[in-house]
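Please build the complex by placing chain F on the supplied structure of chain E, with the hints as guidance.
The residues making up each chain are set out below.
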Amino acid sequence: MYEFKFDPVEMHPCTAQLRTEVREFLRVELAQMLPQDRAKTWFGFSADFSRKFGARGWIGMTWPKKYGGQERSALERYVIVEELLAAGAPVAAHWMADRQTGELLLRYGSDNAKNRFLPAIARGELYFCVGLSEPVAGSDLAAIRTSAVRVSGGWQVNGSKIWTSGAPHSHMMSTLLRTSGSISSRHAGLSQLIIDLSSPGVTVRPITDQTGDRHFAEVFFTDVFVPDDMLLGNEGEGWQQVNAELSLERSGPERYLSCYRLIEEFVRAAGPQASLPVVTLVGEIISEMWTLRQMSTSVTGQLSSGGTPALEAIIVKDLGSTFEQSLPPRIQAVLGAEMPPSQTVPLHAVLNYLLNASPSFSLRGGTREILRGMIARGLELR
Amino acid sequence: MNTERMLLADSVSRLFADLEAGISARNDDSALKACWSEVDKLGLLQTLVSESVGGFGGSWLDAFEVFYRLGQFAVPLPVGEQVLARYLLGVADIDFLSGQVALGLCENVYLEKNIVSGAWNFTGNVHAKYWGNEPRFLLVAVSGLEGQCFVLLSASQATGICDEPNLAGEMCSNLQFFLAPVLELRFVEDACVLLHNAGALLRTAQIAGALEAILGLCVDHVQQREQFGKPIGTFQAIQHQLALLAEEAAAVKCAAQSAFRAASIGEAGFEVAAAKLRANRAITPATSIAHQVHGAIGFTMEHSLHRFTQRLWSWRSDFGNDRYWAEQLGKLVLMQGAEHLWSNLIQRGDNTNG
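Protein chains in written order, with numbering that gives the first Met the number 0: chain E, 0 to 381; chain F, 0 to 353.
So that you can see chain E by itself, here it is in the shape it has in the complex (with noise of 0.2 Å):
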């Protein structure tokens, strides 16, 4: 029987000077940001944010300083991703090189890619995507289509993926295709290449989403060139390093904060005087969200002292994302005669534009359904 492991953290005292410095740094940055667009969280773009932001040495700052990083740990990392979150920074520039496509160049990356990537990203002026879906393989990844063929020099691809989250901003894109074997071979024979995006054959698409917002994307691949050195790792091995890499985006407190803007906006409105269906509400709403943190903050401890925690970063996704899901409905079920609408702009916006954005919680990084699949396996029942 599996036994879970959620020992809370030593968090070092180095990290409150740290959060201080960057609580100030938002605090100027961001004096002019109306709440419904810190609502966006890591779906809000800026290149100067980023830029700045890079600047200070908080993007990239577990890597080592060769490659623009700041050799600091993974908990510090923590602490900024969860005041930028809770802030609600325009992050969407730096957001996906930062959380993942960095440590991936990092394991499986050629030195050439490295050294030409890496400092830029923690610059905060090159902007990863990464592309896993496409028409015809969603939750099912092994489908995928896209492929490369050997050339001199490199490889050739030709296919397309689609809602690809950050692709119209973005320079470069970590792309799973299929290097070898055919469909029916599943996960065998699937490699990483990284696509310059402004190739010849490129051809992004922007696709809008449901809060009118356009920062997902089709992406077609027409006889793309892609030099040897942009394979990360060895070829046919790229399912394996996916997953290890996705391993790395799941318990972050991007998984739980989606929607604190919501609740900082509801507490904020409801005021000392609420009502007792508001005021229980927001205690169950606290006692939900410490708990995701104290999880959260537990997972990113074991990570950082080379534990496993494998299942428990799944459960924390899971449970995140749910939380956070249910936050617009739960609030707007309570808004009351106490609360009217002229007093309460901003909360109104901010629940507008998160009862819309809502429902993609619990689908991006795999969604429920796969992510309760796991969880089942970890349990041993498959």
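In case anyone wonders, no lab produced these hints; they're calculated from the structure. Incorrect hints may appear among the rest.
Claimed, not checked - Pair ranges (Cβ atoms, derived):
id, chain 1, residue 1, chain 2, residue 2, range
1, F, Q235, E, L362, 16 to 22 Å
2, E, V344, F, F298, 26 to 32 Å
3, E, G306, F, N120, 55 to 61 Å
4, E, L362, F, L166, 53 to 59 Å
5, E, H11, F, D9, 27 to 33 Å
6, F, E301, E, R329, 38 to 44 Å
7, E, P276, F, S10, 45 to 51 Å
8, F, Q235, E, T19, 44 to 50 Å
9, F, E225, E, L105, 46 to 52 Å
10, F, M5, E, R329, 51 to 57 Å
11, E, D195, F, A236, 43 to 49 Å
12, F, E50, E, H11, 27 to 33 Å
Glycine is no exception: its CB is placed at the ideal position from the N, C-alpha and C atoms.
Same frame as chain E, now just chain F:
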């Protein structure tokens, strides 16, 4: 976990595993008596009693390991309550007495001081969980005009006793007192809060342990029970239900551990509220799933599932139900205001994290 705590955890697990037959028997007094004497022999009742007066000198983190296992094994004895009573006697600086000390919750209390002798008399109702027929003492916390105090009563002074077993058939009683002389009375700041929060911590850990136990029962059952020619655990509908149960068990364990850690460092009112509420709110989904996947067998007295689910339903009301803690926590957060919401939450977490 340090070595000493790990040893404690292991020996408690071993003790309750060995006593399984006695623990699971309903109303088997001799089995329970044997169980109680083993618990006493191991010194578990002294977990939170300082070493200087012969206790284990443990912290709340040690207590978690004991309390969690009380839930995990559905121990039908008020071990946790007596650990807390002995701990609070220490806080109140009342000398340790031999015999059982039950933790009592009181209502309609009237404390009266005899002007001539200076002695206190206690009038009111006390609700307590106890076991056995030994002469026993009751520790209660009272909020009076002169402040909050701990009061030690002798059960033999009760004018009436009404047995009110809980949902799981555990013995609880309602004792009525009328101008009963108190054995000890000590004014302690926030005595009522100390007692209530300690009780909530105990229940939170027990709930965490019981949830882990029913997850284990469910996993075993769906691997063995076959329908349509295969184990029902191979059906996705069942797998996803157990995934949800696992998530609830994981969340409550984390919340409980975090609250005990906060209590081991200092004032932990926020964490106790958040953790007990989180634990309470896991009980409905968890017990519904557990009963559903077990089918009819889980609804019988011969199967052990009810030992856990009945306790969980009972514990949800003890030391603050959902509404109580949600209101406490909601008020606290709304009083502090939106500007401090995030920074207070982080400060609480980082304090917890040492």
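Right, here's what the structure says about each hint:
Taken as a hint, the range 16 to 22 Å holds for the pair F:Q235 and E:L362, whose Cβ atoms sit roughly 18 Å apart. Against the hinted window of 26 to 32 Å, the Cβ-Cβ separation of E:V344 and F:F298 comes to about 52 Å, which falls outside the hint. A hinted range of 55 to 61 Å for the beta carbons of E:G306 and F:N120 is consistent with their spacing of about 58 Å. One distance hint, 53 to 59 Å for the beta-carbon pair E:L362 and F:L166, is violated here, with the actual separation near 41 Å.
A C-beta distance of roughly 30 Å is found between E:H11 and F:D9, which places it inside the suggested range of 27 to 33 Å. The hint said 38 to 44 Å for the Cβ distance between F:E301 and E:R329, and at roughly 40 Å that hint holds. A beta carbon spacing of about 47 Å between E:P276 and F:S10 agrees with the range 45 to 51 Å that was offered as a hint. As the Cβ distance of F:Q235 to E:T19 is approximately 48 Å, the hint placing it in 44 to 50 Å holds.
The given range of 46 to 52 Å is respected by F:E225 and E:L105, whose C-beta atoms sit roughly 48 Å from each other. The beta-carbon spacing between F:M5 and E:R329, approximately 41 Å, falls outside the hinted interval of 51 to 57 Å. Checked against the given bound of 43 to 49 Å, the beta carbons of E:D195 and F:A236, roughly 45 Å apart, stay inside it. Against the hinted window of 27 to 33 Å, the Cβ-Cβ separation of F:E50 and E:H11 comes to about 31 Å, which satisfies the hint.
The earlier numbered hints that this structure contradicts are 2, 4 and 10.
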